[in-house]
Amino acid sequence: MRLKIILALAVLSGLILARDLHDILLKVPDEANQGAIFRIIYFHVPAAITSFTGFYLGMFMAVGYLINKNLRLDSIAASINEVSLAFATITLVTGSIWGRIIWGIWWTWDPRLTSYFVCLLIYFGYFMLRRAIDDPTTRARLSAVLSIFACVDIVLVWKSIEWFRTQHPGPVLEIRGGGGMAPGMESPLWWNLLALLMLSAALILIRTRQESMKLEIDAMRRHAHAF
Amino acid sequence: MTFLRRTLAVAAKDLRSEIRSKEAVNASVSFALVILLLFSFAFDIDPDQMRNIAGGLLWLIFAFAGTLILNRSFARELINDCLDALLASPVSGAELFLGKCLANYVLIVIVECVSLPVFAVFYDVRLPHLGLLFAVMLLGTWGITVIGTMFSAMTVNLRLRELMLPTLVYPMLVPALVGAIQLSRVLITNGPLAENFIWFRILVAFNVIFTILALALVEIVLVG
Numbered sequence: 001m002r003l004k005i006i007l008a009l010a011v012l013s014g015l016i017l018a019r020d021l022h023d024i025l026l027k028v029p030d031e032a033n034q035g036a037i038f039r040i041i042y043f044h045v046p047a048a049i050t051s052f053t054g055f056y057l058g059m060f061m062a063v064g065y066l067i068n069k070n071l072r073l074d075s076i077a078a079s080i081n082e083v084s085l086a087f088a089t090i091t092l093v094t095g096s097i098w099g100r101i102i103w104g105i106w107w108t109w110d111p112r113l114t115s116y117f118v119c120l121l122i123y124f125g126y127f128m129l130r131r132a133i134d135d136p137t138t139r140a141r142l143s144a145v146l147s148i149f150a151c152v153d154i155v156l157v158w159k160s161i162e163w164f165r166t167q168h169p170g171p172v173l174e175i176r177g178g179g180g181m182a183p184g185m186e187s188p189l190w191w192n193l194l195a196l197l198m199l200s201a202a203l204i205l206i207r208t209r210q211e212s213m214k215l216e217i218d219a220m221r222r223h224a225h226a227f
Numbered sequence: 001m002t003f004l005r006r007t008l009a010v011a012a013k014d015l016r017s018e019i020r021s022k023e024a025v026n027a028s029v030s031f032a033l034v035i036l037l038l039f040s041f042a043f044d045i046d047p048d049q050m051r052n053i054a055g056g057l058l059w060l061i062f063a064f065a066g067t068l069i070l071n072r073s074f075a076r077e078l079i080n081d082c083l084d085a086l087l088a089s090p091v092s093g094a095e096l097f098l099g100k101c102l103a104n105y106v107l108i109v110i111v112e113c114v115s116l117p118v119f120a121v122f123y124d125v126r127l128p129h130l131g132l133l134f135a136v137m138l139l140g141t142w143g144i145t146v147i148g149t150m151f152s153a154m155t156v157n158l159r160l161r162e163l164m165l166p167t168l169v170y171p172m173l174v175p176a177l178v179g180a181i182q183l184s185r186v187l188i189t190n191g192p193l194a195e196n197f198i199w200f201r202i203l204v205a206f207n208v209i210f211t212i213l214a215l216a217l218v219e220i221v222l223v224g
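The listed protein sequences correspond, in order, to chains U and C. Numbering follows this note's numbering, with no gaps: position 184 of the first sequence is 184. Numbering follows this note's numbering, with no gaps: position 179 of the second sequence is 179.
Treat the hints with care, since some could be wrong.
[As the list claims (entries may be wrong)] Short, incomplete list of chain C residues facing chain U, as computed with Cβ under 8 Å: (1) MET164; (2) LEU213; (3) ILE220.
What the hints contain is simulated information worked out from the structure, not anything from laboratory work. A virtual CB, placed ideally from N, CA and C, is assigned to each residue, including glycine.
Given only the sequences and the hints, what does the whole structure look like? Please build it.
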């Protein structure tokens with residue numbers, strides 16, 4: 001059943017991404033000021049939203065572990081954070097490519113990009129911490145606390161676009177009250193977001209299964225060494 | 001009152017221990033002086049440019065030197081199972097954490113008070129608004145202390161403790177360090193303070209939020 005759900009999510013996500021790629025490359029016109037490169041927004045922004053959503057979902061799972069002490073919740077939290085970290089990396093890479101074309105530089109230390117990079121470093125630290133701890137309950141406990149600290153820090157990241165002047169483009173989506181995209185140009189972005197969320201759900205299910213199996217193997221190993 | 005009494009008892013214990021040995025403070029001050037020396041090789045700039053980057057250099061020194069003190073915070077209790085004894089005592093996790101925070105805070109401020117005039121002399125940086133600069137130092141140092149002490153508690157039993165602490169602490173400290181650096185730069189260069197008040201608010205918010213969060217979660221970290 002689980003395998004069927006994973007397959008369904010992956011296939012559906014692939015179909016939506018393929019359909020969107022067709023629309024983005026062939027139907028959506030070039031943007032007036034940025035030209036063809038603006039199309040990277042259809043992957044950059046959904047990846048960013050997916051990663052932020054994942055980090056907070058991971059935090060809720062971590063809080064759930066602290067309340068229930070169910071190691072399965074820790075496995076889910078770690079899986080979510082790992083997939084979100086991958087999407088955060090995609091966000092920075094696509095943003096970099098976009099910046100190279102638009103601003104002529106691969107990177108600039110403006111507050112928003114810097115803060116996003118900080119998030120990445122915090123979650124690298126999260127996984128380094130998990131690797132450094134052998135005992136599953138200690139690992140779950142300390143990872144949960146670090147996840148809570150990290151997500152509180154992300155609030156400063158999210159607010160930075162309103163607080164500071166940066167070189168990053170201002171909000172262009174209507175929900176953010178920005179300049180807005182032309183009608184017909186927004187829909188591939190939302191469909192891509194749906195596709196990436198489904199893809200991340202499939203990846204999280206796979207990783208959670210791997211984490212659960214790892215816990216079982218560790219338990220059997222401890223049991224074997226006890227005799 | 002009992003909370004305060006126990007917190008101050010823990011702080012006094014740590015400070016007394018450090019005053020007798022002076023290990024962490026000596027190492028931290030020496031490290032700060034070494035960084036000051038290395039900066040002299042890295043930068044060869046005129047006094048005006050130096051004033052612009054002085055805030056950043058100062059807080060780099062404070063952050064790096066402070067980590068030496070923070071690393072020892074809980075690690076010193078591992079000898080003779082003192083940490084287990086403390087956890088088994090009537091002192092709660094929050095009291096233990098806050099006591100260690102206060103002790104670390106005093107020690108790091110001492111290191112900063114030694115480093116700041118040496119920095120000013122070595123790099124010929126005038127320090128107008130010294131009172132305000134000291135206030136920014138106190139605010140910024142509390143942020144470093146709270147996060148550093150919390151993560152010291154988290155990493156105390158890890159085999160890669162000395163490696164993990166800086167890796168975890170510095171990214172978490174970025175909002176506080178940025179706020180402290182910007183405020184310090186404005187004060188040293190006689191810039192417009194009113195326009196940069198947002199950094200003061202960020203610093204205060206960071207301190208309040210993470211102090212409350214740390215006090216709420218430290219029991220989970222130390223005990224489970």
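Against the structure, the hints come out as follows:
no., hint, verdict
1, MET164, "6 Å, holds"
2, LEU213, "6 Å, holds"
3, ILE220, "6 Å, holds"
Violation of the numbered hints given earlier is absent; every hint is satisfied by the structure.
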